[in-house]
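J.: The task is simple: from the sequences and hints, build the whole structure.
Protein sequence lines correspond, in order, to chains C and G.
By full-length UniProt numbering, the letter at position 4 of the first sequence is numbered 4, and the numbering carries on one by one without gaps.
By full-length UniProt numbering, the letter at position 99 of the second sequence is numbered 99, and the numbering carries on one by one without gaps.
By construction, these hints were calculated from the structure, which means they are not laboratory data.
Computed from a prediction, not measured in an experiment: that's the story for all the values here.
Ideal Cβ positions, reconstructed from N, Cα and C, are used throughout, including at glycine.
Check each hint, because a few of them may be wrong.
[What the hints assert, rightly or not] Taking lysine-lysine and the DSSO-like style, the derived pairs with C-alpha atoms no more than 27 Å apart in a straight line are:
#1 Lys203/G to Lys259/G
#2 Lys310/G to Lys328/C
#3 Lys42/G to Lys59/C
#4 Lys13/C to Lys116/C
#5 Lys321/G to Lys116/C
#6 Lys116/C to Lys310/G
#7 Lys329/G to Lys330/C
#8 Lys106/C to Lys42/G
[As the list claims (entries may be wrong)] Covered stretches of chain G, as calculated for chain C (at least 3 residues, CB under 8 Å):
#9 86-94
#10 121-132
#11 307-319
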Amino acid sequence: FADFTPQATFDIKKCDLHRLEEGPPLKAELTRDQGLQYYRTMQTVRRMELKADQLYKQKIIRGFCHLYDGQEACAAGIEASINPTDHLITAYRAHGYTYTRGVSIKEILAELTGRKGGVAKGKGGSMHMYAPHFYGGNGIVGAQGQLFESFNMAALWKLPCIFICENNKYGMGTSVERASASIDYYKRGDFIPGIRVDGMDVLCVREATKFAADHCRSGKGPIVMELQTYRYHGHSMSDPGVSYRTREEIQEVRTKSDPISMLKERMLSNNMASVEEFKEIDVDIRKQVEEAAQFATSDPEPPLEDLCNHIFYNNPPLEVRGTNPWSKLKSVS
Amino acid sequence: IQAQFNVTVRDALNQAMDEELERDERVFLLGEEVAQYDGAYKVSRGLWKKYGDKRIIDTPISEMGFAGIAVGAAMAGLRPICEFMTFNFSMQAIDQVINSAAKTCYMSAGLQAVPIVFRGPNGASAGVAAQHSQCFAAWYAHCPGLKVVSPWNSEDAKGLLKSSIRDDNPVVFLENELLYGVPFEMSEEAQSKDFTIPIGKAKVERAGSHITLVSHSRYVGHCLDAAAVLAKEGIECEVINLRTIRPMDVESIEASVMKTNHLVTVEGGWPQFGVGAEICARIMEGSAFNYLDSPVTRVTGVDIPMPYAKILEDHSLPQIKDIIFSVKKTLNV
Numbered sequence: 001f002a003d004f005t006p007q008a009t010f011d012i013k014k015c016d017l018h019r020l021e022e023g024p025p026l027k028a029e030l031t032r033d034q035g036l037q038y039y040r041t042m043q044t045v046r047r048m049e050l051k052a053d054q055l056y057k058q059k060i061i062r063g064f065c066h067l068y069d070g071q072e073a074c075a076a077g078i079e080a081s082i083n084p085t086d087h088l089i090t091a092y093r094a095h096g097y098t099y100t101r102g103v104s105i106k107e108i109l110a111e112l113t114g115r116k117g118g119v120a121k122g123k124g125g126s127m128h129m130y131a132p133h134f135y136g137g138n139g140i141v142g143a144q145g146q147l148f149e150s151f152n153m154a155a156l157w158k159l160p161c162i163f164i165c166e167n168n169k170y171g172m173g174t175s176v177e178r179a180s181a182s183i184d185y186y187k188r189g190d191f192i193p194g195i196r197v198d199g200m201d202v203l204c205v206r207e208a209t210k211f212a213a214d215h216c217r218s219g220k221g222p223i224v225m226e227l228q229t230y231r232y233h234g235h236s237m238s239d240p241g242v243s244y245r246t247r248e249e250i251q252e253v254r255t256k257s258d259p260i261s262m263l264k265e266r267m268l269s270n271n272m273a274s275v276e277e278f279k280e281i282d283v284d285i286r287k288q289v290e291e292a293a294q295f296a297t298s299d300p301e302p303p304l305e306d307l308c309n310h311i312f313y314n315n316p317p318l319e320v321r322g323t324n325p326w327s328k329l330k331s332v333s
Numbered sequence: 001i002q003a004q005f006n007v008t009v010r011d012a013l014n015q016a017m018d019e020e021l022e023r024d025e026r027v028f029l030l031g032e033e034v035a036q037y038d039g040a041y042k043v044s045r046g047l048w049k050k051y052g053d054k055r056i057i058d059t060p061i062s063e064m065g066f067a068g069i070a071v072g073a074a075m076a077g078l079r080p081i082c083e084f085m086t087f088n089f090s091m092q093a094i095d096q097v098i099n100s101a102a103k104t105c106y107m108s109a110g111l112q113a114v115p116i117v118f119r120g121p122n123g124a125s126a127g128v129a130a131q132h133s134q135c136f137a138a139w140y141a142h143c144p145g146l147k148v149v150s151p152w153n154s155e156d157a158k159g160l161l162k163s164s165i166r167d168d169n170p171v172v173f174l175e176n177e178l179l180y181g182v183p184f185e186m187s188e189e190a191q192s193k194d195f196t197i198p199i200g201k202a203k204v205e206r207a208g209s210h211i212t213l214v215s216h217s218r219y220v221g222h223c224l225d226a227a228a229v230l231a232k233e234g235i236e237c238e239v240i241n242l243r244t245i246r247p248m249d250v251e252s253i254e255a256s257v258m259k260t261n262h263l264v265t266v267e268g269g270w271p272q273f274g275v276g277a278e279i280c281a282r283i284m285e286g287s288a289f290n291y292l293d294s295p296v297t298r299v300t301g302v303d304i305p306m307p308y309a310k311i312l313e314d315h316s317l318p319q320i321k322d323i324i325f326s327v328k329k330t331l332n333v
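T.: Next comes the structure, spelled out in structure tokens:
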């Protein structure tokens with residue numbers, strides 16, 4: 001391993017800027033260790049999501065399941081530039097962020113399969129996973145009015161907030177052109193500055209996030225960050241994802257812009273790692289995901305005693321009505 | 001001999017909308033994915049192809065916004081059908097439903113009508129967890145100025161939706177996702193383009209002499225199943241399908257209670273301040289009270305947010321065995 005290049009500099013795409021004189025740098029430095037770490041993170045999310053796909057088709061995962069494969073560079077790049085004590089919240093396509101915010105594959109998959117070892121003890125499901133400084137996982141998203149209310153207050157009070165739009169070109173089955181009067185989402189903050197970022201390049205996302213975080217931490221107020229990305233799966237597992245876009249389009253993104261392949265090729269062509277090394281990482285991740293899936297399919301479901309718990313926080317125990325007046329259940333915090 | 005056809009609830013709703021769109025050019029449908037995607041649950045399949053962009057409109061993900069646009073259209077003389085992908089999302093728009101739609105006729109002393117139908121799936125589905133499983137029957141039925149309809153089978157769905165569209169008042173039309181794919185027999189009469197079912201009238205689905213079961217939507221089926229089991233033990237249940245929550249057909253319930261002397265209400269929603277609670281109050285206030293041989297029993301969902309894990313979800317909603325248990329307890333057998 002002593003033969004490998006320990007660090008290299010890469011050109012990254014220029015970000016489009018809104019109300020900013022300068023943007024993130026055009027070059028990113030990457031150490032070997034960082035590269036392997038980003039690769040590992042993205043590949044883990046990728047394999048975890050594909051395992052979820054498999055488990056869903058086997059009907060071991062039920063309900064709604066919105067997969068993140070294709071968008072890995074977003075979660076990985078963001079986490080690379082923020083602190084674990086920063087606060088992050090997202091919508092329903094949340095498995096990637098749940099992982100980057102520190103929840104284990106085991107706890108994520110076991111939550112998807114509804115077992116007591118899940119991060120929310122099986123009570124939340126796919127859209128409701130939480131961790132310290134990670135506020136989920138939210139099922140219902142007001143996409144317009146509430147956003148502008150937030151923009152206004154964040155700007156008014158100079159709140160250090162990065163508003164991130166993962167623009168994957170489609171809102172469920174509707175293309176952005178059919179849903180938005182303007183698809184320049186990075187400009188939507190109007191009086192709030194914004195940057196539009198190549199969301200398929202983990203280095204670009206990292207640099208942009210660092211730039212955005214510095215902007216906020218220096219007291220300048222909020223900033224909007226649009227990440228141009230893509231999801232390989234449909235909106236959810238019940239959407240085949242090909243009635244509103246072509247298979248050719250999906251295939252083209254896979255071959256030309258896959259975030260994991262891009263990073264790997266960069267590192268290989270700069271002699272930062274070997275093919276065998278990546279293979280070893282892949283094998284290790286596969287093993288970890290397999291073990292997590294094993295756990296997720298064998299761990300018992302939550303006990304019935306847990307049915308009514310956690311209605312309130314830090315509250316004396318209370319009685320909860322069951323399905324009929326003779327069914328008196330117990331709830332503890 | 002009356003020819004019977006098997007029609008799914010989904011197709012019945014589709015037929016209703018198709019017929020009303022054809023009958024009255026002021027009728028139109030708007031909502032997320034209703035047009036080019038054929039409907040998130042395929043209820044509006046084929047309608048966009050048949051009626052085009054002006055009658056079937058895909059909206060951005062903006063419930064407050066498009067509900068407001070729909071109410072405005074109704075005020076201006078059109079007859080919109082506003083679809084919420086599920087009624088959980090209607091909470092984003094509830095100010096428009098209540099303050100703009102429900103109260104306007106009253107506030108204007110009859111000058112301004114709001115002939116609008118808000119429709120979509122309501123209540124629990126399968127594994128969709130806390131934010132996507134709430135029943136809104138009680139929430140909407142609380143409000144004067146709204147009509148709240150909750151069909152069970154295909155005939156209900158078709159006849160009541162047609163009546164709702166023809167009604168000059170705001171109607172909240174609560175469907176059920178689990179029923180969409182269920183086929184029911186539809187009489188030849190129901191095949192007619194003029195077939196409507198009056199809003200505000202309940203239906204006795206099964207005659208019985210020992211006890212009255214009152215329910216709405218999916219749980220009507222549960223009651224009939226429970227009644228079949230109980231009949232084997234010599235207990236004859238009268239099963240009433242409310243069909244409309246507001247205005248509630250209390251007379252039908254009273255007439256039944258005066259015959260059977262026992263009453264059990266069955267609903268999927270939460271117990272506190274719910275449909276069953278209202279039925280209890282109305283029975284107490286009316287002439288049927290003196291005919292009761294025991295207090296009314298409410299069978300309801302458990303008083304908790306909906307958990308994700310299957311075993312917990314199963315125990316959060318009334319099962320057929322809960323209905324059977326409650327009937328026997330009420331009859332003291």
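J.: Now, for every hint given, state plainly whether the structure supports it.
T.: Right, here's what the structure says about each hint:
1. Lys203/G to Lys259/G: holds, 16 Å
2. Lys310/G to Lys328/C: holds, 21 Å
3. Lys42/G to Lys59/C: Satisfied, since the Cα-Cα distance of roughly 22 Å is no more than 27 Å.
4. Lys13/C to Lys116/C: violated, 44 Å
5. Lys321/G to Lys116/C: holds, 26 Å
6. Lys116/C to Lys310/G: At roughly 11 Å apart (the allowed maximum being 27 Å), Lys310/G and Lys116/C satisfy the hint.
7. Lys329/G to Lys330/C: holds, 22 Å
8. Lys106/C to Lys42/G: Violated, at roughly 35 Å.
9. 86-94: holds (count 4)
10. 121-132: n = 8 at 8 Å, threshold three: holds.
11. 307-319: holds (count 11)
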